[in-house]
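**Q** Each chain, letter by letter, is given below.
Protein chains: 4
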Amino acid sequence: MRKYLSYGMVGGSLNAFIGAVHRVGAAFESIATLSAGCFSTDSGRNRACGEFYRLDSERVYDDYIQMAKAEAARADGIDYVVIAAPNNVHYPVAKAFLENGIPVFCEKPLCFEIAQAEELKRIADEKGLPFCVNYSYTGNVMVKEARELIRQGYIGRVINVNAEYLQEYLVDDIGKGDQTMNTLSSWRKNPEVAGASNCVGDIGSHIENTVAYMTGLKLKRVTAVLDNFGQLLDLNANMLVEFEGGAHGVFCSSQVCVGHMNGLTVRIFGTEGAIEWVQENPNVLMVTKKGQPMQIYHRGMAYISPKAAAFSRLPTGHPEGVYEAFANMYTAWNRALLKRINGEKLTAEDLDFPNLNDGIAGVRFIQAAVKSSKAGGIWTEV
Amino acid sequence: MRKYLSYGMVGGSLNAFIGAVHRVGAAFESIATLSAGCFSTDSGRNRACGEFYRLDSERVYDDYIQMAKAEAARADGIDYVVIAAPNNVHYPVAKAFLENGIPVFCEKPLCFEIAQAEELKRIADEKGLPFCVNYSYTGNVMVKEARELIRQGYIGRVINVNAEYLQEYLVDDIGKGDQTMNTLSSWRKNPEVAGASNCVGDIGSHIENTVAYMTGLKLKRVTAVLDNFGQLLDLNANMLVEFEGGAHGVFCSSQVCVGHMNGLTVRIFGTEGAIEWVQENPNVLMVTKKGQPMQIYHRGMAYISPKAAAFSRLPTGHPEGVYEAFANMYTAWNRALLKRINGEKLTAEDLDFPNLNDGIAGVRFIQAAVKSSKAGGIWTEV
Amino acid sequence: MRKYLSYGMVGGSLNAFIGAVHRVGAAFESIATLSAGCFSTDSGRNRACGEFYRLDSERVYDDYIQMAKAEAARADGIDYVVIAAPNNVHYPVAKAFLENGIPVFCEKPLCFEIAQAEELKRIADEKGLPFCVNYSYTGNVMVKEARELIRQGYIGRVINVNAEYLQEYLVDDIGKGDQTMNTLSSWRKNPEVAGASNCVGDIGSHIENTVAYMTGLKLKRVTAVLDNFGQLLDLNANMLVEFEGGAHGVFCSSQVCVGHMNGLTVRIFGTEGAIEWVQENPNVLMVTKKGQPMQIYHRGMAYISPKAAAFSRLPTGHPEGVYEAFANMYTAWNRALLKRINGEKLTAEDLDFPNLNDGIAGVRFIQAAVKSSKAGGIWTEV
Amino acid sequence: MRKYLSYGMVGGSLNAFIGAVHRVGAAFESIATLSAGCFSTDSGRNRACGEFYRLDSERVYDDYIQMAKAEAARADGIDYVVIAAPNNVHYPVAKAFLENGIPVFCEKPLCFEIAQAEELKRIADEKGLPFCVNYSYTGNVMVKEARELIRQGYIGRVINVNAEYLQEYLVDDIGKGDQTMNTLSSWRKNPEVAGASNCVGDIGSHIENTVAYMTGLKLKRVTAVLDNFGQLLDLNANMLVEFEGGAHGVFCSSQVCVGHMNGLTVRIFGTEGAIEWVQENPNVLMVTKKGQPMQIYHRGMAYISPKAAAFSRLPTGHPEGVYEAFANMYTAWNRALLKRINGEKLTAEDLDFPNLNDGIAGVRFIQAAVKSSKAGGIWTEV
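Here the protein sequences come in this chain order: D, R, L and W.
Taken in order, the first sequence gives residues 8 to 389; the numbers are from this note's numbering.
Taken in order, the second sequence gives residues 8 to 389; the numbers are from this note's numbering.
Taken in order, the third sequence gives residues 8 to 389; the numbers are from this note's numbering.
Taken in order, the fourth sequence gives residues 8 to 389; the numbers are from this note's numbering.
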């Protein structure tokens, strides 16, 4: 019976902040060990990263296809691959590892095209391979608590959703023409690397997924207005949404809203109550029954539902943040993989991480938003 | 040279909360005295109100047309009338007083139809009569501070607006059929009394006006989704907006958002900075320059601009609220009327209160939102 | 049966902000009318104030003793006097009016010496005259709600108190020698006018009273450290307190704490729960049961207890501030005086305003704090 | 030239939450590896922990003295030991490792007696061994930013300090007699294990250290009132403090304050400005210049000073919490140890972690607080 896992990584070399977050997250519970990688298309960086993590040099690959094949062939090959590379390589990398029978833990968005996303799902289904799309905010304990409360009917039927994800860090790009190549996040503004959208793809997709995770609601259609402000891709997006069942809502994502650092705020309104979660203060949840005072739920207290509390690490009032949300993604993922390897039956609860269906929904949402905006802001099916 | 004013009131009898707010607001500076009224269509209530305020009984009128004529004919007739009655009588009452040469201080929304609004403006212009539409949130010192900062270019060019006005008090009306007649605010849900909209008309119109007051921007078009939830009029509205000049934004108004008491929040984003004002904590203003820390401006401090500070009454940290915002509406109005009566020249600054142009803009906004929603949520010119 | 009252004022001329607050507060319910005054020791200012309020010129007095006698002698004399003058005249003015049989509504602190305070109480008791000491924060609806919840046992037995009143406005006085005469509030730093303490007397006394009002607890002893920073009186004070019954706590008052405008925050901790009120956001109350989420109570909601709700004017979410707290002080006071005049029996609930016992407690507290600090910060009986 | 470190741990077996936090923190940068341990006095637990971390079984010790000797004797022996055991063993364990020449990273409080603390310092000094006392809140980026701003004179001379650390989790212990043995944290209430104080020792000591770290000020004397509420040790403490140089302040620590989870709040007031940090929202810092608006500094922004920013891992608005603060403690510690091992010169900046002087100051503070309270709350030298 296996108790430990080994994994490989594509992308995420030493200077890429998200790679480090994945490695810390995967290692949080000392169950998974980094054993192989293809960290960068720059060979020097790739080697340097492998050396820093003291990997066997033959398991540091210059080519991800070679890596997929070689690791699949080893008796001690990796149990899964983490894809922490830019958006445009998600699809081919994921496909390569799936085809070689290796489970995939992939950054979001899953890929560019709906057809690609569905292809990945088909392969994974055929081979029976687990796949996690890293909508990492779902790793937050209080996001899970929101989901549990809504599932239990605490707020009644959802009637309205108001969610936003606001940042200010690209405000200087406004009106300055095509500067896709000269800043740190420049790849995000380059359609060839980032896909059809910058702002909706990068952060708007978190709105869509977090709302879906909390409520279980599917988006039906969207009216979107994207502002490029002279760039190739969008920096700002305001959207009206309609869910299956008829509930309406608003999604706003922006990278030009001064005063907002990383402001993902989700408010779900129901017939009996409401729930609000603010990513920058993630250890609390505002929970209100109609006619009653707003309550501030704290992670770590006895009243938190068991399914959410299962992911809580520290006593109440001791902040857990982004690393711990990532760790929770890997907690669920690693445990599920161990069970699978050990031949244990996986329950729905074991699979509490976003999967290819969520990844497909995300691609559909991004595509619909871009399409709506290009058509002048008309209602577009998701 | 006159130093005091007398005014009359239509509507606002003893049991109407808004009437009392007007009377306290008008009296705050001890310049204006209530001298006449037609407080209620119920003769007993009308008389009781006149007696409570110790009015001359012959100046308590059963009919507002009679009041307009009689007061216009008296040597000591009222200097202006306050209209604090339900929406459907704003137009005929305002018209009656204007036609008798009496300035009008009218609750919002101004009236139901654009043509009515334009007619009132035509009469007022012809007779040279001042007219205030009581968008009372513009009376807040920190709303004025926001306006001044934006005028001075503090936040650069406005590129995005995110404003909402959320309440929960009608959540129990959802799915309960037509209950327009059986609750306190039932008239607001009755189209004959409230007009084409409940939620957009009552509170959404404050969003439109507060944004316009702060930024000077005009709405160009709107896409709106109104939810009636089984009532005759809307209880919830999500809107995308476009301003002249091209800036986009989102307006959300709702009376079914549990956990929100009277949540008017306005956020204006510019190329150089941003400003946020929250009505429930009205004595502060969040002001941010791009790349810099958010600053919390407090009313009453020396750094507040003179035009806003001119309306500040109490030292910093001593909360001023809704009554004081009303008082500020009357401060500007009363001072302007005294200047006019005394033959002094009125400057733009003297007229710092919403006028008939603002009232017309409000009616146009409500009409466009309703029209857009009825057409399935398409872009509609304002 | 009388329905209206008339009152006079000592102090509070046109340029004194607190005088205006009293006049607006007294007039909020249109029951009490200003009819006489001795507004300033400066005759010109005194007359100007009387003229502005259109008083009968013979009822504008240059001397408060003359005023007390003359008003007592008039058939239409004032029903009560409001003392809005600096601290040093509270005692002689209050005494003069009490001796002439006129009820007194007096600013805090009541007076300088315990003996003076007890003398005022003796006179008022002998003559059966109502007396209100204007600890105006007790006029806040949510302070009353705190009192009701604590009375009802919601938080169990009080075990700890943490209360502070922090301002920054005198920070520039630090280390600049005796500047008692050259700033707006200079009288507060002059022992002859302000008494034994500036900071504890002006704002620390509000801590003591608000805690006493909420909890019903009496202070037993205090250890205080007052910092004068080169001024004649204190600008900063940190205190440990012990209540009768054994509960401990901390009181901090300061006028040199940068970043704090008018920060009165009271936190009462009990064996079963806790309550927190913050003056700068006065329409809410934080209420927590042990082991449960903190709840944010809003003024105006149905769950507010009737005794507190009786003082609520506006719907929930419509901020009431300092003027409304003053208005509530006068609501209770005016109603009690009308009942008394009309020969009705007054209940304890009718007398929901701080009286001479509270005033005496305040003087005792200030004296004990100053005495403790002078003795090097030792425990001193209150 | 060494690039990696190995460490051992005393205490912190699998079921002790703090052990896991240390292990994650030490491993955050993939520089230090757990190689030896004496995790529990329970042999089974000790072995289980060693096995989980896949340690060489001969390096899992039943006895910490044996571990110190054996590891000191190995060529590949540990580079330092982490002490994550209860308070009462800090001293003997630290002494054993120091005497064997092994650097120590020790949980706070350092030990029970001042003499013990000074003995540890004498040994460490004689042997030239680094020693970190894990006042982990100093690992927060924004605590470091506060320190830098104060060092740079941003708030002028410190004149007043108001700091508190409030929790509710022991409120049920009130009045229930000696229950030292029956709850999770029972050892904290047992003087034999926890020392002279529970509440001041456990959390009050963090107040003392965080204030000292931010300001550089030394405590001179304290007046303390500790409440045991029927327990053997204190559950609540209110203290007045005086710093060398004359500034005064208040420290409050409590484990019975309902509504407070882990509320360490530090407010430092100076002649020119003020700084406030709240542990439960650790990524921001409130910074105010006198007369100016309060500013909300966010970790990760360009305006953060380089010395603080050096410890920032994630982009602004991505919360870092307790694990990351621990990681920062280890970042500084691990880097300093590598430099030392590699014979590089260590600067003051390299030693940015609390050392034995800080540990001694902590023991002195706890002793003085307990002594003051036992003497009836009199001023006691620290």
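Worth double-checking, as some hints may not be accurate.
Remember, identical chains collapse to one label, so a pair may be satisfied in a single copy or spanning two.
Calculated lysine-lysine pairs in the BS3-like style (CA-CA distance at most 25 Å, straight line) [as the list claims (entries may be wrong)]:
id: 1; residue 1: Lys10; residue 2: Lys381
id: 2; residue 1: Lys76; residue 2: Lys134
id: 3; residue 1: Lys227; residue 2: Lys352
id: 4; residue 1: Lys128; residue 2: Lys296
id: 5; residue 1: Lys314; residue 2: Lys128
id: 6; residue 1: Lys225; residue 2: Lys314
id: 7; residue 1: Lys297; residue 2: Lys183
id: 8; residue 1: Lys378; residue 2: Lys10
id: 9; residue 1: Lys296; residue 2: Lys183
id: 10; residue 1: Lys183; residue 2: Lys102
id: 11; residue 1: Lys76; residue 2: Lys381
id: 12; residue 1: Lys378; residue 2: Lys352
id: 13; residue 1: Lys227; residue 2: Lys378
id: 14; residue 1: Lys381; residue 2: Lys297
id: 15; residue 1: Lys296; residue 2: Lys314
Derived by calculation from the structure, the hints in this document are not laboratory data.
**Q** Have a look at Lys378 and Lys10 and pick one of within, between, both or neither, based on CA distance no larger than 25 Å.
**A** This pair counts as neither: shortest intra-copy Cα distance 47 Å, inter-copy 52 Å.
**Q** Quick one: Lys225 to Lys314, C-alpha cut-off 25 Å, is that within a copy, between copies, both, or neither?
**A** Intra 22 Å, inter 47 Å, cutoff 25 Å: intra-copy only.
**Q** Tell me, please, which holds for Lys76 and Lys381 at an alpha-carbon limit of 25 Å: within, between, both or neither?
**A** neither (41 Å within a copy, 58 Å between copies)
**Q** Can you give me the call for Lys297 and Lys183, within, between, both or neither, at a CA distance of at most 25 Å?
**A** Answer is between: at 16 Å across copies they meet the 25 Å cutoff, but 48 Å inside does not.
**Q** Check Lys227 against Lys378 for me: Cα-Cα at most 25 Å, and say if that holds within a copy, between copies, both or neither.
**A** The answer is both: 14 Å in one copy and 23 Å across copies each meet 25 Å.
**Q** Indicate which option fits the pair Lys296, Lys314 if close means a Cα-Cα distance not exceeding 25 Å: within, between, both or neither.
**A** both (21 Å within a copy, 24 Å between copies)
**Q** Within, between, both or neither: how does the pair Lys314, Lys128 come out at a Cα-Cα threshold of 25 Å?
**A** neither (27 Å within a copy, 47 Å between copies)
**Q** Up to 25 Å between alpha-carbons, please classify Lys227 paired with Lys352: within, between, both or neither.
**A** neither (34 Å within a copy, 59 Å between copies)
**Q** If the cutoff is 25 Å on CA atoms, where do Lys381 and Lys297 land: within, between, both or neither? Let me know, please.
**A** neither (40 Å within a copy, 29 Å between copies)
**Q** Up to 25 Å between alpha-carbons, please classify Lys183 paired with Lys102: within, between, both or neither.
**A** Neither: 37 Å inside a chain and 52 Å across chains, both beyond 25 Å.
**Q** Taking 25 Å as the upper bound on the Cα-Cα distance, should Lys378 and Lys352 be classified as within, between, both, or neither?
**A** neither (42 Å within a copy, 55 Å between copies)
**Q** At most 25 Å between alpha carbons: which applies to Lys296 and Lys183, within, between, both or neither?
**A** between (47 Å within a copy, 19 Å between copies)
Of the numbered hints listed earlier, those contradicted by the structure are 1, 3, 4, 5, 8, 10, 11, 12 and 14.
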